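**Q** These are the residues of each chain, in order.
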Amino acid sequence: MKKKTTMTVTDIRFLAEGICSMTLKYPENAAPEEVRPGQFAGLYPNDPSKLLPRPISICRFDPEKKELRFVFRTAGAGTLSLAAQKTGDTVDMLGLLGNGYDIEKLAGKRVLLLGGGIGIPPMLELAAALFKEPGTDVTAAMGYRDRDMFLTEELRRYARLLIATEDGSAGTKGNVLDAVRANAVEADVVCACGPMPMLRAVKRFAREAGIPAYLSLEERMACGVGACLGCVTKTAKVDGHSHVRNARICTEGPVFDAEEVEIG
Amino acid sequence: MSSNGIAKTGKPDLSVEIAGVTFKNPVMTASGTFGSGMEYSEFVDLNRLGAVVTKGVANVPWEGNPTPRVAEVYGGMLNAIGLQNPGIDVFIERDLAFLTQFDTKVIVNVCGHTEEEYLEVVERLADQPADMLEINVSCPNVKQGAIQFGQDPKCLSEITEKIKRIAKQPVIMKLTPNVTDIAEMARAAEAGGADAISLINTITGMKIDIEKRRFVLANKTGGLSGPAIKPVAVRMVWQAAQAVKIPIIGMGGIASAEDAVEFMLAGATAVAVGAMNFHDPCLTVKVIDGIGQYLTRHSIAAAKELTGAVL
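Here the protein sequences come in this chain order: A and B.
The opening residue of the first sequence carries number 1 in the working numbering; numbering runs sequentially from there.
The opening residue of the second sequence carries number 1 in the working numbering; numbering runs sequentially from there.
To be clear, the hints were calculated from the coordinates, so they are not data collected in a lab.
Just so you know, these numbers come straight off a predicted model, no measurement behind them.
Where a beta carbon is used, it is the ideal one built from N, C-alpha and C, also for glycine.
Be careful, since some hints might not be right.
Claimed, not checked - Okay, derived cross-link-like pairs now, DSSO-like style, lysine-lysine, Cα gap no bigger than 30 Å in a straight line: (1) B:Lys24 / A:Lys2; (2) A:Lys2 / B:Lys11; (3) B:Lys11 / A:Lys237; (4) B:Lys24 / A:Lys203; (5) A:Lys109 / A:Lys4; (6) A:Lys4 / B:Lys212; (7) A:Lys86 / A:Lys65; (8) A:Lys234 / B:Lys207.
What the hints assert, rightly or not - Okay, the calculated beta carbon distance ranges per label pair: (9) B:Lys220 / A:Asp102: 35 to 41 Å; (10) B:Ala126 / A:Asn29: 48 to 54 Å; (11) B:Arg235 / A:Arg13: 44 to 50 Å; (12) B:Arg297 / A:Arg157: 44 to 50 Å; (13) A:Glu166 / B:Arg235: 51 to 57 Å.
Unchecked claim - Here chain B is said to cover these stretches of chain A; the calculated rule only asks that three of the stretch's residues, wherever they fall, bring their Cβ under 8 Å from a Cβ of chain B: (14) 50-64; (15) 213-221; (16) 237-248.
Could you build all of it, start to finish, from the sequences and the hints given here?
**A** The following block contains the structure:
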């Protein structure tokens, strides 16, 4: 039977304002699951007033060290409490959860990775996975608010990195698609994670370019395992679970083919 | 509390009986928090459970409410799922078929907008392998007209009677706490012929994002569950227990075996673990084991001796 895993914090620090990086180590006797980029885990704040796991995407997996790295925004009391943990503290973890990106559909292609804000971290694990795939050309366009950026160095190890900032203080002024256009990037497929307006624009962009897009969606979650039906997204076709048009982001997602979801 | 010394020598008897159905222990899953068991079967050996109470099922698939559907609050959570479900056909084919593989009782939670919809589901379940039916007349997120069936004693009594007339399985009426007098509602269900009652469903609540000046839930209001509601639930179980003779399944914020025992002492024959499954997917089994340990520690021979022991 599966259960929550008690992980130990081996590194915790802020990378930018409100952006926390936390590395968690599996217990000695654990055999960590292989990570599919785009998967997430539920992290439980060490605060008895907080019941629910925080769904946080996996930024990096190190199978040698048996460590998972998470980079998250301190958006509320729960994530603030996670960010307040110290090296050596333990954090309970549910998962790995979710489907992740299908590497087979990306290998050998010109892949464009788009990350906006706190949608950037899962793109690092994806870039690293694609780096190992022969003949795969990866361009990563990452959108930040301003020059207070994070993970850029790591991303450059695995991809050609383009930067967009809202205020123009680094890279292209504007959003990730502005950076893509400014650099005349050509791609066979797009993978994106970020705020909903960005994902809508990416869907349109991919449609116009006639290429597939895989979007990683976010929603408020409770159980994380597909039982509560809290985190659904509208789908183009009847979903497999409830036979309506609501797929569970935690289970059928978080990565969806853009054409399968109705995100407006 | 009585004690006859049996617990000193052997394992305490955890079994309980409700309306002629024997449960191997008093711990169930609260409807809507455990799907149809499939999702949690990787975490919990379903054979261990007293019963799996399934998520509400209607006559046809329901889409549920827009998102956000869930929000966390201090010591609890709000939900306004809106009873998304695949409808009775898929439920029977897939979910019920899945559950029959396990040595646990299956209680099917039934929902509807109208009397006819409830009756249609109950009828469809007549020849199905469900051990009991739980009728959800109390979901705060789904309403037809101004009031839920479960908020008016006359309505509650009438719908119970109509369901009982056609149901082939014992019927549990699930009561809402969003009423002035829970004892009156318990009596109304009993008068309508209910074999048991379960309580409490969620308490209507609300959360506002003060930075965005918006309701957090798309539905604005949602049902509050989790440890925050436990004292209210225990009180209501105690009040209902004094008002009726039919068995009570107690629920509301159970997070431990101690919480479960508290509900039983207040008058519950069995209990259900709800929102806290999300905190610990393995919680149900821990509650079962913990009840056994409590009984042993107090030299109580059987779990059923706990029911109403403080009344």
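**Q** So which hints don't hold here, by number, going up?
**A** 3, 4, 5, 6 and 12
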